[in-house]
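The listed protein sequences derive, respectively, from chains A and R. So in the working numbering, spot 279 of the first sequence is number 279, and the numbers just go up one at a time. One gets the working numbering by counting positions in the second sequence from 1 and adding 504 to each.
To be clear, the hints were calculated from the coordinates, so they are not data collected in a lab. Please note: incorrect hints may appear among the correct ones.
[Stated by the list, open to error] Sample of chain A residues at the chain R side, in silico, Cβ under 10 angstroms:
no., residue
1, V65
2, N104
3, Y116
Yeah, the Cβ is synthetic: ideal placement off N, Cα and C, and Gly gets one too.
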Amino acid sequence: MAMHQEELVDFDVALEKYDPVLGFEVHVELNTKTKMFSSAPNVFGDVPNTNVTPVCLGLPGVLPVVNKTAVEYAIMIGLALNCKIAERCGFARKNYFYPDTPKNFQTSQYDDPIAYDGWIDIELSDGEVFRVEIERAHMEEDAGKLTHMGGSTGRIQGADYSLVDYNRSGVPLVEIVTKTIEGAGKRAPELAKAYVAAIREIVKALDVSDAKMERGNVRCDANVSLMLKGAEKFGTRTETKNVNSLRAVEHAVRFEIERHAAVLNSGEAIVQETRHWHEDTRTTTSGRPKSDADDYRYFPEPDLVPVVTTVEWIEELRSRLPEPPAERRKRLQADWGYSDAEFRDVVNAGVTEQIEETIAAGTTAAVARKWWMGEIARLAKNADKDVADLGVTSATIVELNSLIESKKINDKIARQVLEFVVAGEGTPSEVVEKRSLAVVNDDSALGAAIDAAMEAMPDVVAKVKGGKLQAIGALMGPVMKATRGQADAGRVRELVLQKLGIEG
Amino acid sequence: MNQIIQLSATELAAKLRAGEITSVAAVQAHLDRIAEVDGGERGIHAFLHVNTEEALAVAAEVDAIRAAGGTDAQALHPFAGVPIAIKDLIVTKGQPTTAASKMLEGWMSPYDATVIEKIRAAKLPMLGKTNLDEFAMGSSTEHSAYGPTRNPWDLDRIPGGSGGGSAAAVAAFEAPLALGTDTGGSIRQPGAVTGTVGVKPTYGGVSRYGAIAMASSLDQIGPVTRTVLDSAYLHELIGGHDAADSTSLNEPVPALIAAAEQGASGDMTGVRVGVIKELQGEGYEAGVQERFDESLEALRAAGAEIVEVSCPNFKYALGAYYLIMPSEVSSNLAKFDGVRFGTRVLPAEGPLTIERVMGATRAAGFGDEVKRRIILGTYALSAGYYDAYYGSAQKVRTLIQRDFDAAFEQADVLISPTSPTVAFELGSKTDDPLAMYLNDVATIPANMAGIPGITVPGGLSEGLPVGIQFLAPAREDARLYRAGAALEKLLEDKWGGRLLDQAPELSAATTGGVA
């Protein structure tokens, strides 16, 4: 894409002059069996346009019916975010023409969201707690998925034609909107990442979403504006759309702060617009101008009746909520016996769930931490990926650990094995098998066999000591016999020389 | 005229059950009538599609089941084998559904409306799809993209609208039963001007699933017939809760047949009939007012207590309706864009962007009246105007509901002329939308309040039918059938037969059809 290089101001310099103001809209795709308003299956990844009914295609004559489970999930999200739950709320039509929206309106909630006025405490890396206030969490339906063919950008402009998959059309969404977040200062990018991570953690713990950002289950629009320190009026904001990984959220907020500062320093005005995030260059580019005057001609959806909640229903749903994440963390730290610093590192690395799963699958807390905070974190850093995206699971670690405990491999080999697992070569056992990385190289096992052979053939040992290194060959037979032929001859030779104090 | 087509649906059903007539013969008689009077130069043009093969196949199936006897025959719906015509706003598998619009020319629905599923389950042969104003927008059926329907009483006059096709088909003995939809009077006003019976059920009483939405909060499917009892049978068949329609009432259909049978005695003792002061007088033709006054007299003579009620907010009803209805229209019709189904028109020149294809499709696919309402509704919903227009109109709606609530404290049913005028001449109001809209002044309040209404023939004015409308509280549709059947009986006694017997004889000679 042809674009001019954006001028940036160094982050720390920018933050000396400006205060960032943030706001997030996080869309959570619910994992209900069926769609928001139709009986079509809500399944990711199927053949395009197979999970559709006349309702989600918007055919003439169809009517929507609200998915009760989706409403329950929305209420549970609201409760987990300490929101008030509306006694009565409705849906509205957001009217706009776009081919991914089969009715040319989106059925959403407008002025009466199901959940409102909540908050969530976000713990930053040093343990500081930052409270983010939640404006609302409302229900809506997802649009279909457009794929623009031809052209170089993958966007509709310049495309030869576009394909649309309505499998996603009508998938239930809950959109969580924060109030404006002030006071994050230089920690704004970190807060952004931690906030989205917390939302993801909550919806995953609630089991109301698959919560896979790479599949778009959790999508973040990040609003950023800057105001001069001490100013009272907010600056003009930009909205960076569909920032779909935790690291990207952090980077996008940081980039926009640096870009805004440069624009403002040059005396120009920020254009209120949506911005597109580019993961490859870690930059944003201008999307379409957005103004508060966008006219979606909202009006109450006449095909639906209001959703009425009762105290009993809400309390029943509240009783289904899992342990709040903060309490859960306290409990886990105690269970696992980690120090405060160790546990905070684990939380900051975002591997709490992985460690919990690994322990549940059969390793000790120490082993789980060793792997997730050690080699896996290193591999993620090298690959510039989120730990969750490496393809390492609790099963990988359990298997690796049992290979070590059974002395099939040692720690050093295990780290190699893990690299091959990350590279997609299979499970640890498969990698060991394929690459013959098993116990043949285990010095202690080999050492025992060599010791026995040397003891049984003192004359051979004497010859070797005397400089006839080729006599080592005579020791090979018994060693091979003892290791059932799996010993590495070169290594045997090295070890014999080592034991005799001879330079190879 | 073949005797079979003269029968009411209830009479025909009885003969079918008794084995006096086969359903195939009944269907064929109606198909012959359609061929004779519908398609010619001056034909009625009630039908946009005639479903010959399927109708005969269903009829043959019913005949076979009846001939075999046993439990299958006993399990048949009482109206099994009685043919029916379907307003072409209701989607049907196997027959085109056009909404009388170029936008849906040739479109075949992949699914059946809920009412169609019920009709199939009851094995009523579907004769075909009937004409209407495009997307049900109009009061004369002149806004059909496929040409107007003619009134069987006078071929130079309109049959009402939007459901002029269904009403004319029933009035011209092309079908004993038909389905209509009523958003502001589209069942009742055509019923009035064709001398037939039409019912708009309580909102939510009949599933809307599969009726192409015009204004979702106002639309309702209902029966179009020649007798009140026939409507009761059809209403009970199509009514009831449907999980696919969130606005459908979750309760059983009231006992409408029993109510109609009770009313057929003509006795109205103890029934309080409220005359709505605001729905008579100025704007109502003298002949219409005379027939209305006669009906009141007949009811009073039959024991009804006639009271006058006032609904002062009805004067705002038409204005509010013409904000709410187009607002919903503008959104409901957005899906017709050429992207997924129906007509697609490419711009004559310039780039083929999605916006331009949508624009060209909608410019070519919609007629003027549809465009007028989309533009009106888009404007009414716009930011900055919403509160003044849509918001105020919704407040009027509440006031109308309150007027009805107060009126129903004084009366069991309300009564008014169905339409202020008799059928007007084709072409006489097409250039004057406001004059056209005034046809619905007496029918709109019921849609705004969600209450049920019926029109029954009230006699003739200058040789053209006048309709009498009863209204009842929501969920009290049975009261309409009691009162409607009573008035029907009282007036037929007076006329010495049904009103349609006074209609001019139609034939291939008068219509240019196939003899």
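Against the structure, the hints:
At about 5 angstroms, the closest approach between the beta carbon of V65 of chain A and any beta carbon in chain R falls short of 10 angstroms, and the interface hint on this residue holds. Checking N104 of chain A against chain R by beta carbon gives a least distance of about 4 angstroms; that is within 10 angstroms, so the hint holds. Annotation: interface hint on Y116 of chain A violated; nearest CB of chain R at approximately 22 angstroms, more than 10 angstroms.
Violated hint for the displayed structure: number 3, the only one.
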